[in-house]
Amino acid sequence: DPFKPVIKEGFLYGRGAQDMKGGVGAFLSASLHFNPKTPFLLSILLTSDEEGPGIFGTRLMLEKLKEKDLLPHMAIVAEPTCEKVLGDSIKIGRRGSINGRLILKGVQGHVAYPQKCQNPIDALASVLPLISGVHLDNGDEYFDPSKLVITNLHAGLGANNVTPASVEMIFNARHSLKTTKESLKEYLEKVLKDLPHILELESSSSPFITASHSKLT
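Numbering (our numbering), first residue to last: 12 to 228.
Take the hints with a grain of salt, since some may be wrong.
[Stated by the list, open to error] Taking CB as the label site, the calculated pair distances span: (1) Glu-90 <-> Val-17: 21 to 31 Å; (2) Arg-112 <-> Ala-136: 34 to 44 Å; (3) Leu-212 <-> Asp-12: 21 to 31 Å; (4) Gly-68 <-> Phe-14: 19 to 29 Å; (5) Asn-149 <-> Ile-55: 33 to 43 Å.
Because the hints were derived from the structure by calculation, they are not lab data.
All C-beta atoms in this analysis are idealised placements derived from N, C-alpha and C, irrespective of residue type, glycine included.
Please take these sequences and the hints and turn them into a complete structure.
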């Protein structure tokens with residue numbers, strides 16, 4: 012039962028043990044060794060709703076803290092990013108995230124009369140090499156090149172003899188400081204300029220780098 016945690020040979024096994032209940036336990040334990048003479052207050056903030064839009068998570072909490080003039084001066088995000096050894100993947104920044112939805116329009120029809128159809132799947136296939144996995148920039152010393160990754164495709168009614176009227180593509184772009192929602196939109200609109208389409212983009216987070224003179228770095 013993954014919902015019943017088990018400790019075996021010094022390791023905790025169970026659903027969410029790595030991402031990220033184990034991390035929560037680790038930094039709560041570390042906080043017990045915090046030097047009380049340090050001239051600032053240590054606070055621990057635990058939130059949920061951090062996936063996708065993340066409306067009721069950190070974003071909302073920061074808004075509430077700002078209203079009360081309690082915004083922290085600095086923060087460490089205890090994300091479990093270690094690969095092999097504790098602390099081997101400490102980050103001083105993060106990439107931005109842009110969610111996208113693309114609909115290509117066509118003309119539905121029967122496969123027996125393809126000359127009367129406009130199959131949007133064919134249209135998508137023609138531009139897919141310019142979209143899927145393409146580097147949007149060259150990256151920099153902190154971030155890998157920004158890349159658009161397709162996460163879902165949907166088209167048709169499930170029938171094997173009818174072409175779809177449209178095809179929907181859902182995607183995400185994790186991006187560096189060199190790419191923005193505006194530059195991504197400009198690139199995609201150029202790729203799609205000859206195809207009837209609807210393009211929606213939403214930035215769920217912006218990239219940032221902690222300044223080199225920060226006390227955290």
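Checked hints:
1. Glu-90 <-> Val-17: 21 to 31 Å: 24 Å Cβ-Cβ, so the 21 to 31 Å window holds.
2. Arg-112 <-> Ala-136: 34 to 44 Å: Violated, since Arg-112 and Ala-136 (Cβ atoms, about 18 Å apart) do not stay within the stated range.
3. Leu-212 <-> Asp-12: 21 to 31 Å: 41 Å, violated
4. Gly-68 <-> Phe-14: 19 to 29 Å: Since Gly-68 and Phe-14 have Cβ atoms about 23 Å apart, the given range 19 to 29 Å holds.
5. Asn-149 <-> Ile-55: 33 to 43 Å: 38 Å, holds
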